[in-house]
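As they're listed, the protein sequences go chains W and E. Note that the numbering used here numbers the first sequence so that position 240 is 240, with each residue one more than the last. Note that the numbering used here numbers the second sequence so that position 39 is 39, with each residue one more than the last.
Read the hints as simulated data drawn from the structure, not as lab findings. Take these hints with a grain of salt, some might be off.
What the hints assert, rightly or not - Beta-carbon label-pair distances, calculated as ranges:
| id | chain 1 | residue 1 | chain 2 | residue 2 | range |
| --- | --- | --- | --- | --- | --- |
| 1 | W | Trp183 | E | Lys314 | 54 to 60 Å |
| 2 | E | Ile225 | W | Gln63 | 36 to 42 Å |
| 3 | E | Phe303 | W | His57 | 49 to 55 Å |
| 4 | E | Leu61 | W | Met115 | 53 to 59 Å |
| 5 | E | Met45 | W | Gln219 | 40 to 46 Å |
To be verified - Chain E residues, not near chain W, derived (Cβ > 12 Å throughout):
| id | residue |
| --- | --- |
| 6 | Asp63 |
| 7 | Arg140 |
| 8 | Ala166 |
| 9 | Phe229 |
Claimed, not checked - Just so you have them, the derived chain E footprint on chain W, three or more residues with Cβ under 8 Å:
| id | region |
| --- | --- |
| 10 | 45–59 |
| 11 | 89–96 |
| 12 | 99–108 |
Ideal placement from N, C-alpha and C gives every residue a C-beta, glycine not left out.
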Amino acid sequence: MNRKQRLLTHLLLLLAAAAYVAPLLWMIDTSLKREVQAVQIPPVLIPHPLRWQNYGHVLQDPQFDFSLFARNTLIIASLSSLGAMLSSSLVAYSLAKIRWRGRGLVFGIVLASMMIPFPVFMVPLYRIFRELGWIGTNLPLWVPAFFGIPFFIFLLRQFYLTIPRELSEAAVMDGCSHFGIWWRIMLPLTRPALLVVGLFSFMSAWNNFLGPLVYLTHQSSFTLSVALQVYQSRSGGTSYNLLMAASLLIIAPVLVLFFLAQKTFIRGIATTGLK
Amino acid sequence: MNERITWREQLAGMAFAAPYLIGVAAFLVYPLAMSLYYSFCNYSMLQPAIWIGWTNYRHLLTDHAFHTALWNTIIYAAISVPFTLTLSLLLALLLNQPMRSAGVYRTIVFMPSLVPLVASALIWQWLFNADKGLINAVLRPVLHVLGREILSPLARALDAGHGTVASLRHIEPPVWLGDPHWAMAAIIFISFWGVGQTVVIFLAGLQDVPRELHEAAEMDGAGAIHRFFNITLPMLSPVIFFNLIMGIIGSWQIFDVPYVMTGGGPGRSTLFYSMYIFEAAFNQLRMGPACAMAWIQLLIILFLTVLAFASARKWVYYA
Chain W
1 MNRKQRLLTH LLLLLAAAAY VAPLLWMIDT SLKREVQAVQ IPPVLIPHPL
51 RWQNYGHVLQ DPQFDFSLFA RNTLIIASLS SLGAMLSSSL VAYSLAKIRW
101 RGRGLVFGIV LASMMIPFPV FMVPLYRIFR ELGWIGTNLP LWVPAFFGIP
151 FFIFLLRQFY LTIPRELSEA AVMDGCSHFG IWWRIMLPLT RPALLVVGLF
201 SFMSAWNNFL GPLVYLTHQS SFTLSVALQV YQSRSGGTSY NLLMAASLLI
251 IAPVLVLFFL AQKTFIRGIA TTGLK
Chain E
1 MNERITWREQ LAGMAFAAPY LIGVAAFLVY PLAMSLYYSF CNYSMLQPAI
51 WIGWTNYRHL LTDHAFHTAL WNTIIYAAIS VPFTLTLSLL LALLLNQPMR
101 SAGVYRTIVF MPSLVPLVAS ALIWQWLFNA DKGLINAVLR PVLHVLGREI
151 LSPLARALDA GHGTVASLRH IEPPVWLGDP HWAMAAIIFI SFWGVGQTVV
201 IFLAGLQDVP RELHEAAEMD GAGAIHRFFN ITLPMLSPVI FFNLIMGIIG
251 SWQIFDVPYV MTGGGPGRST LFYSMYIFEA AFNQLRMGPA CAMAWIQLLI
301 ILFLTVLAFA SARKWVYYA
């Protein structure tokens, strides 16, 4: 690239970055303003005084029990990611490393089922969970994760296929069972991939909205996403400075998680698109 | 490949796959069959389902709200999918340029795709607020100057009517979520903000394009644009195809953002397919029509995917 092209690339990147980060910055900005200042026209760029109290206000709002909703969400997200890692890696091992009749068919089902939209399952699943007495509890939101998530099975299978066959064959010679190979060879060798599965399923449970909206009936069991929507639409409305503070509180854990595991994340997403 | 499969291997394979085999039965095949059955039933979940044949499907033919939801989703998917694909590819090309600060830019473009959609919806609802929102606060003075200094004099010079000249002096920004057309535009626009994951997949694809191909072409005197269309694009086509399929599947299920941001309004201008299914099932307890619509949705997605796969033979290039 010559200098002119370099400059142009930088300029375009700067513009794009500004456009992508602006909404987040404006959210933070609004969350630190007094209500009067938040709706002032023309807009005030730098909040003064800085209203850190907005966060305290959200955290102590008697109608919006943030710590309870955070705990609910954390429990569901942790259990789903545990379930997804455990079940998906077992199934992926079976599809990648054990030769048995029917595994091609099962892999086909894994691929095909990724295409099926959730609304098709919504009503019958609701009925099943109702008959089990699970409606209103968090069980419908994490128990299915223990039965294998197609997308993660697919992802892990691709990783397991790259582990040379000689390795597991040598282990079999030494009298190692499949369970031993899975536990002692596959899991340690593909730890980054497993981490990707854990992260992705944690985040998708954290962000899930439609599931909790359908299955959770009592406010005391709400997750953050659903609670945030209720917070917004409650009678009288919530002012935007508080709404933005609440939004940031929900986004922050996800962003922190991302920055802690940035490399794993990017690599994980990158591999999904390749075959 | 014709080694005999021992019964021990067969058992082990099935045992390891057991969670999914049970899951397929309980959470895939059974619900799928039941929702197909309910789609032919009158069913409220409170009383047993009663078989009524094709009635649910027939009623959908005259259900205006259903037609609106279907049409809105078609419009959304038809605009959002190609534009987000193009935008992500352009961003990936920019981010793929060798420079020191690329990592920071990548992070910034990727971040919004991590934001929970409910929070995204609230942030954008605030940005699109007609009176107090940031977007109109920026647009308003720009439009005023544009109208007063350029458009209005231009109209006068062209001998437009007095009314036109006067109205161009005071152009107001759209009320966005309060206007049926602009509300749809706003929701499409928000989909551009969440392209981070698609960009990362494109980036990975770009890094897999063999450098030798570019070098050889450059030696032969091929320009940058020529190389993009004859090397990068064909080599990237499997990744484009993957993102296209994901885009189709995702866009047909849009729910969170419009549900939180507009509730389907104003009127039914942002009522989308999945929202109407949810409304029919859980607000009106009309499970039969809800399942019928869900099955039609499944068939539409299936049809579009098959179409994409059929077209793939013409344009997807596997090295």
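Does the structure break any of the earlier hints, and which numbers would those be?
Going through the list in order, the structure violates hints 1, 2, 4, 5, 7 and 10 and respects the others.
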